[in-house]
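Novice: Chain A is fixed; fit chain B onto it per the hints.
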Amino acid sequence: MSEAREEAAWLVAAQDGDGRAAAALVDRLGPKLLAFALRMTGGDRPAAEDIVQEAFLRLWSRTKRWDPDGPARLSTWMGRVVANLAIDRARLAKRESGGEPELDPIDPAPSVEDRLAVGGSLEAALDALPDRQRQAVLLRLVHGYSNTEIAEMMGCGVEAVESLTARGKRRLSQLLDETEVGDV
Amino acid sequence: MSEHHRLEDRLVALEEAAEPLPPSLRGAILTDAAEANAVRGLPWRIWLTGLPAALAGLWLGLAQPALVLQTVPDLSGDDVALLEEVFGGASWDLQQ
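Residue numbers (the numbering used here), protein chains in the order written: chain A, 1 to 184; chain B, 1 to 96.
Bound conformation, chain A alone (with noise of 0.2 Å):
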């Protein structure tokens, strides 16, 4: 049985009461979705923990079975899921605290400070970015969501998104660039 049929029985046999199913689907689409959502939030793992258990909970509360034939798999629906998420609540955060405009002119380079607490990591390199950029180059760059898919989860234009991406990755390559030219 492939993984995408085993997951969409789990699935059915989670819904239908059993709670070894219910915990092996948690167990093969929990670390994934918590190390996505950890760098969806930018390391906020209270924030990240939240994303995950509502993502689950979203799915139990499915009223439609799921249909193992169907053109989604069980891992990117729920991908999905966490992704809007964090998405939402960085909006949120964003709002409650006076907010920032969304696609600032001006990426200033980092500083020798930001590089160094960087250190080479790619992953505290994601985390230095600002909200949208890392969401964009995470779903684009790591996850391959195409930048209709993107803008329709982020709520802005096609354009913005290419625009975040291209600017989320020159500015990881800057963070990265100090340390690891004195690396090679």
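Hints listed in this document are in silico derivations from the structure and should not be mistaken for laboratory results. Please note that a few of the clues may not be correct.
When the alpha-carbon atoms are kept at most 16 Å apart in a straight line, the in silico EDC-like pairs for lysine to aspartate or glutamate are as follows [claimed, not checked]: (1) K32/A - E19/B; (2) K94/A - D16/A; (3) K32/A - E16/B; (4) K169/A - D32/B; (5) K169/A - E19/B; (6) K32/A - E15/B; (7) K94/A - D131/A; (8) K64/A - D131/A.
Label-pair restraints from in silico Cβ distances [unchecked claim]: (9) A38/B - S121/A: 39 to 45 Å; (10) A38/B - R91/A: 30 to 36 Å; (11) A17/B - S2/A: 20 to 26 Å; (12) Q174/A - A38/B: 51 to 57 Å; (13) E3/A - W59/B: 53 to 59 Å; (14) A17/B - A13/A: 25 to 31 Å; (15) W47/B - D67/A: 25 to 31 Å.
Cβ atoms here follow ideal geometry from the backbone N, Cα and C, with glycine treated the same way.
Specialist: Just chain B now, kept in the frame of chain A:
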């Protein structure tokens, strides 16, 4: 390999990254699952237990006014009128 491609490769590799679920989070998710699935099964349980009770109530109201009045002897005129309206056909007033 250029730095540009190297960064992209490193980003792609992140897709497989995993972070073990803390036991408290895993437990909370499984508790949610048990509760959500209990709620999902509820309509059938209500149906199975509620239907016989509803049928018994209907039978009492339609065919056994005397039995009901025996249990609740002090019904007012308004109560009787209401019962007659709900269970049209049964002669609740005669039982008074």
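Novice: All hints, please: hold or fail.
Specialist: Verification of the hints:
At roughly 6 Å between alpha-carbon atoms, K32/A and E19/B fall within 16 Å of each other, so this suggested pair holds. Proposed proximity of K94/A and D16/A is contradicted: the alpha carbons are some 40 Å apart, above 16 Å. At most 16 Å may separate the alpha-carbon atoms for a hinted pair to count; K32/A and E16/B meet this at roughly 7 Å. The straight-line distance between the Cα atoms of K169/A and D32/B is roughly 38 Å, outside the 16 Å bound, and the hint therefore fails.
Distance check on the hinted pair: K169/A and E19/B sit about 24 Å apart at the alpha-carbon level, beyond 16 Å; violated. Between K32/A and E15/B, the direct Cα distance comes to roughly 8 Å. Compliance with the 16 Å bound is thereby established for this hinted pair. Between K94/A and D131/A the alpha-carbon distance is near 10 Å, which keeps this suggested pair within the 16 Å criterion. As the CA atoms of K64/A and D131/A are separated by approximately 33 Å, the hinted pair breaks the 16 Å bound.
For A38/B paired with S121/A, a C-beta distance near 44 Å keeps the hint of 39 to 45 Å intact. Checked against the hint of 30 to 36 Å, the pair A38/B and R91/A passes, with Cβ atoms roughly 33 Å apart. With their beta carbons about 22 Å apart, A17/B and S2/A fall inside the hinted range of 20 to 26 Å. Between Q174/A and A38/B the beta carbon distance is about 52 Å. The supplied range of 51 to 57 Å therefore holds.
Range check, E3/A to W59/B: about 54 Å between beta-carbon atoms, so the 53 to 59 Å window is met. For the hinted restraint 25 to 31 Å between A17/B and A13/A, the CB-CB distance of approximately 28 Å keeps it satisfied. At roughly 26 Å, the beta-carbon separation of W47/B and D67/A lies within the given 25 to 31 Å, and the hint holds.
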